[in-house]
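Student: For reference, the chains in residue letters:
Protein chains: 2
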Amino acid sequence: MINNTITAPKGFLAAGLHCGVKKSGKYDLGMIVCPGGANAAAVFTTNKIQSAAVQIAKKHVKNKKIYAVIVNSGNANACTGALGIKNAVKMCEQTALHIGEDPHTVLVASTGIIGEQLPIKTITDGIANVAGKLSAEKESGQNFTSAIMTTDTKPKMAARQIDISGVKVTIAGTVKGAGMIAPNMATTLCFITTDIAITKPLLNKALKNAIGNSLNKLTVDGHQSTNDTAILLASGSAGNRPVTSQCPRFKKFTNALNDLCDDLARQMAHDAEGATRIFKVVVNGAASQSDAAKACRAIADYPLVKCAIHGSDPNWGRIICAVGSSGVKLNTEKLSCKIGSVTVFHNGKPRKFDAQKVSKIVSQPEHTILVDLGAGKKNDFCYGCDLSAEYVSINADYHT
Amino acid sequence: MINNTITAPKGFLAAGLHCGVKKSGKYDLGMIVCPGGANAAAVFTTNKIQSAAVQIAKKHVKNKKIYAVIVNSGNANACTGALGIKNAVKMCEQTALHIGEDPHTVLVASTGIIGEQLPIKTITDGIANVAGKLSAEKESGQNFTSAIMTTDTKPKMAARQIDISGVKVTIAGTVKGAGMIAPNMATTLCFITTDIAITKPLLNKALKNAIGNSLNKLTVDGHQSTNDTAILLASGSAGNRPVTSQCPRFKKFTNALNDLCDDLARQMAHDAEGATRIFKVVVNGAASQSDAAKACRAIADYPLVKCAIHGSDPNWGRIICAVGSSGVKLNTEKLSCKIGSVTVFHNGKPRKFDAQKVSKIVSQPEHTILVDLGAGKKNDFCYGCDLSAEYVSINADYHT
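Chains as they are written, first to last, in my numbering: chain H, 455 to 854; chain Y, 455 to 854.
If you are wondering where the hints come from, they were derived from the structure by calculation, not from laboratory data. Note that the structure is predicted; figures quoted are calculated from it, not measured. All clues stand as given, with none of them false.
When chains are identical, the list treats them as one kind, so a pair holds in a single copy or across two.
Below, simulated DSSO-like cross-link-like pairs (lysine-lysine); rule was C-alpha separation at most 27 Å, straight line:
| no. | residue 1 | residue 2 |
| --- | --- | --- |
| 1 | Lys788 | Lys502 |
| 2 | Lys512 | Lys659 |
| 3 | Lys502 | Lys748 |
| 4 | Lys734 | Lys803 |
| 5 | Lys788 | Lys540 |
| 6 | Lys575 | Lys803 |
| 7 | Lys783 | Lys748 |
| 8 | Lys814 | Lys734 |
| 9 | Lys622 | Lys662 |
| 10 | Lys477 | Lys803 |
| 11 | Lys811 | Lys476 |
| 12 | Lys788 | Lys512 |
| 13 | Lys476 | Lys803 |
Please take these sequences and the hints and turn them into a complete structure.
Tutor: Have a look at this one:
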């Protein structure tokens, strides 16, 4: 596949440019248009403080068809009161004007600094310009991705192609996000396009499942932002007989979507603020599903574990300490821990191990920590990243 | 008061030295002895993984009288199985031998790396030596404090004197701890001596209350260790008529104890790993006490808030984001935030403020963040510290 951007599926146009929200001159405004109208599904942050964009997009996504998505970076339009809501609506109206559709069929997303009003004139002028640049070219898809980046150091894109009863179906996605990322909508912003013909309820089901097993399994600093949004648009332009039930074709589609989202989640983890490596935490033997999830997250979010991994240090004691502190049910006589393929703690007792070997495992770009709580049969996993001095400097200096 | 160490109250001897657990040559073994026997109270970690020392000390503290406390640093004796328990018992036995008392009247504490067996011969030899150095001198109290330090950069000690019906009563305390510190037993190790005559149940009550309002309000990295222990010993040597009820004399004692513990908590926060400044979070208007505590901690533990404070950045959006993400009940129309004396967010809307002024407030050694949830009448507070690049390097390199 030559084009791996969100314009790869049939039926989508995109564009991105610098309109002036960011002082750096970097791209800060992006648009996706589906001229034929798309079935849309979306998931949003569960933070009780939700950006104006999230509040508006939540309403609009209920529409039968969605024709466009407008996104700005550099300003989150969160904690901005009634004026913030008005500005989010204005972004939809201005976009609708240029594509000749109803404002309610436009979704809006924002990311950036919290608590400042949008420079709305700059943005509405920008919307006119970005609408003039729409195309289905790869470059336009790349420009859209550039326009949603904040502290990201790399654009994050992925695409998959599958065969649905002899018809080629394409799915493509892009994400932004580096800090303020945690499970339960760890998405910051995620936009996925596909040309499959599929009903809206099934699209919703597929998106929730895919995000649940990918972006929601990712934790960078244990918090979800006020703006997290994942949108999946299906143009139906591929030409397949519409998917209307949970048939094998639906299964094929969800498998590809899950794989795409996992790819995007890993790209995000690797590009997490200051991260030099990522790790997967697998917890087995939990008494309940929520215990399994809680233990995973306790390990992946524990600063001392993240620092040890940064230092290639096989300091498993901190892993066990994090588990004990998390409040989950555990059997201290059965508790065990493996780092990569090496058992470091077994049935509540430390195991002699080759520290140099484990240090080498921990220094890889990706490794797995396996913990067995010995308390039941449930399991879960999540992705985390190391904590570096760079994370601190990025986040100490972001505002000023 | 000339002596502000744990030997200041009448009836206590102490000592500290280097026995060989730490390779650095720094002090690593400390002993407190109360030759007349002390009433003792203690609180321990609620981590489900508890060090061997904690397991043994929990049993022994139930004894009517406690004659000694033995502490090592450099090794936590945690996650060490049956051998760990045996070694903790041996530390008590060896101490008992040298003071001619029953091993069950000795309390033990350990701090340091998790998951390695104690060099028990080194420690039992050390116990013989440290018992030979016991004295009531200030220097001996200081040596004890040196012996409990791990990544602490400063010794942490405080003392108070009060008049109880014409009798001078002294309380003195020392703490260690810099990382792995969180509410619900944020104590790591804390030893308090006093010469007041008081019953054991009242002593327990006083300690729980004092720790609850001081060390348990402190969060450095959101986790409690496997070894957290606070011990309060009362020799009864001051000569006061024993305190046997919650009378005004008890109130006077608890006030002084609370003040002492608050002092120690602040000393700990200032010396937290890599911390350059501390802050107090006050949450008002909570729907419940647990919501108030949860919101406090969500703010103080949020890496992005800690980084912003490190950068003297008045980034209040991150404070509001942390509150929203914490899951507590809040009224978005009433939610307000003050940094120092400056209102930055009021009734759900941002306020224009002098960023330079707030940046100056945030750069002070100590400042207060006030959040009103607008959802009720409960309130709480906690202490936190900034997150610096040094925290990362300390914790990336601790093991190897």
